[in-house]
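Asks: Can you build the whole structure from these sequences, using the hints too?
First residue of the sequence shown? That's 2 in the numbering used here, and the numbers climb one at a time after it.
In short, the hints are calculated from the structure, not lab data. Mixed in with the good hints, there may be bad ones.
[To be verified] List time: in silico EDC-like cross-link candidates among lysine to aspartate or glutamate, alpha-carbon distance up to 20 angstroms:
| id | residue 1 | residue 2 |
| --- | --- | --- |
| 1 | K224 | D284 |
| 2 | K149 | E56 |
| 3 | K290 | E278 |
| 4 | K209 | E41 |
| 5 | K145 | D173 |
| 6 | K150 | E106 |
| 7 | K149 | E106 |
| 8 | K209 | D248 |
[What the hints assert, rightly or not] Here are the simulated distance ranges between beta carbons:
| id | residue 1 | residue 2 | range |
| --- | --- | --- | --- |
| 9 | M302 | K227 | 21 to 31 angstroms |
| 10 | D124 | R42 | 16 to 26 angstroms |
| 11 | C292 | N170 | 15 to 25 angstroms |
Keep in mind it's a predicted model, so treat the numbers as computed, not measured. Where is the CB? At the ideal position from N, CA and C, for every residue including glycine.
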Amino acid sequence: MPPLLTSMATSCVSGMLPRFRIKVLVMAGGFPPFVPKEVERIKDTHAIALAKRIERVPVMIDSEKGAIMSSCVRPLHQNSNEPVVLLHGFDSSCLEWRYVYPLLEDAGVEAWAIDILGWGFSDLETLPPCDVATKRKNLYQLWKSYIKKPMVLVGPSLGAAVAIDFVANYPDAVSKLVFLDASVYAEGAGDMAKLPRFFAYAGVFVLKSLPLRLYATNLAFDKVPKGSLLDWTNVGRLHCRLPWWEDATVDFMIDGGYNVVNLIKQVKQKTLVIWGEGDRIIDKQLAIKLCNDLQDSVLHMIPECGHIPHVEKPEKVTELILSFLARENVTQEQLQKVLN
2 MPPLLTSMAT SCVSGMLPRF RIKVLVMAGG FPPFVPKEVE RIKDTHAIAL
52 AKRIERVPVM IDSEKGAIMS SCVRPLHQNS NEPVVLLHGF DSSCLEWRYV
102 YPLLEDAGVE AWAIDILGWG FSDLETLPPC DVATKRKNLY QLWKSYIKKP
152 MVLVGPSLGA AVAIDFVANY PDAVSKLVFL DASVYAEGAG DMAKLPRFFA
202 YAGVFVLKSL PLRLYATNLA FDKVPKGSLL DWTNVGRLHC RLPWWEDATV
252 DFMIDGGYNV VNLIKQVKQK TLVIWGEGDR IIDKQLAIKL CNDLQDSVLH
302 MIPECGHIPH VEKPEKVTEL ILSFLARENV TQEQLQKVLN
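Replies: The structure is reproduced here in structure tokens:
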């Protein structure tokens, strides 16, 4: 769950890869074996479908320690168009994109949904650093090894800070940017970075708790569909069931988190900024500030929408992303096919 939890936690990311032969294993129900068994309790059919497609791919960021099996959802087919790479918010996973991903895929977009190192479903049994620099390097090596073309990088909430940090270091890897309710003006993890590790773990324990997650889920949306609050909460905290989640999250916070305020004005890529008018977590005035600070941007506000538009208004978000892509990549016919 992105930003609210960020602020709460503050207060209380190459050489040639060796060739790997990847075996795709599934457990009962068709889920990958590394996805926590609690996935079987989830009722959201879109979350179930996307969870079944999560893979781990080897990403080499340290030749001495070997590859990190990094989790993502890969496109069924790669093409010559610009790939769209979907990040997620703070302490979340690729399952944020359960509604938009199939719509992009139906439109012929080469879409990737990638888990940021330290969150999501990557294999962190060796406990690699999960600080900002390692998150950035992991994303870069995954891009260099598998995507290999300038990408449209999509960052919701804290994912926008991840994207800005990435594009500042690897500008040639990114052709365009899309931000959704961007959390980019917070200066790192604040006081959380100064806490003794014991207290950091205590804060992370609270971060994982069901009551806090229920509250955060309710606050993140303008309106949660009747009967969906618990299920959406369970989707959002599924990755927390992995045994290294606490260590990875504490490592990120102790390191200081993302501070990209001074990088925003350096971004040269054309940027689409999407914002929910009913966002109760980040003031929509910051959307205007962000567009003013970026060199080349356009803003679209979505009415009756909260902090996570890609979950709450997936058809509109898909329409905006498709319209933003180069016309030679997505035709009007493809756009209408998805929206009708």
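Asks: Does each hint hold? Answer for all of them.
Replies: A quick look at each hint next to the structure:
For a cut-off of 20 angstroms, the pair hint linking K224 to D284 stands: about 17 angstroms separates their Cα positions. In summary, the hint linking K149 to E56 is supported, as the alpha carbons are separated by about 18 angstroms, within the 20 angstroms threshold. Using a Cα cut-off of 20 angstroms, the hinted pair K290 and E278 holds, with the two alpha carbons roughly 15 angstroms apart. Taking the CA atoms of K209 and E41, the gap is near 19 angstroms; set against the 20 angstroms cutoff, the hint holds.
Note on K145 and D173: the hinted pairing holds, with a Cα-Cα distance of about 11 angstroms set against a maximum of 20 angstroms. At roughly 18 angstroms between alpha-carbon atoms, K150 and E106 fall within 20 angstroms of each other, so this suggested pair holds. A hinted pair counts as satisfied when its Cα atoms are at most 20 angstroms apart, and K149 with E106 qualifies at roughly 19 angstroms. For a cut-off of 20 angstroms, the pair hint linking K209 to D248 stands: about 13 angstroms separates their Cα positions.
For the hinted restraint 21 to 31 angstroms between M302 and K227, the CB-CB distance of approximately 25 angstroms keeps it satisfied. Our hint of 16 to 26 angstroms for D124 and R42 holds, since their Cβ atoms are close to 23 angstroms apart. The beta-carbon spacing between C292 and N170, approximately 23 angstroms, falls within the hinted interval of 15 to 25 angstroms.
The structure fails none of the hints (numbered hints given earlier).
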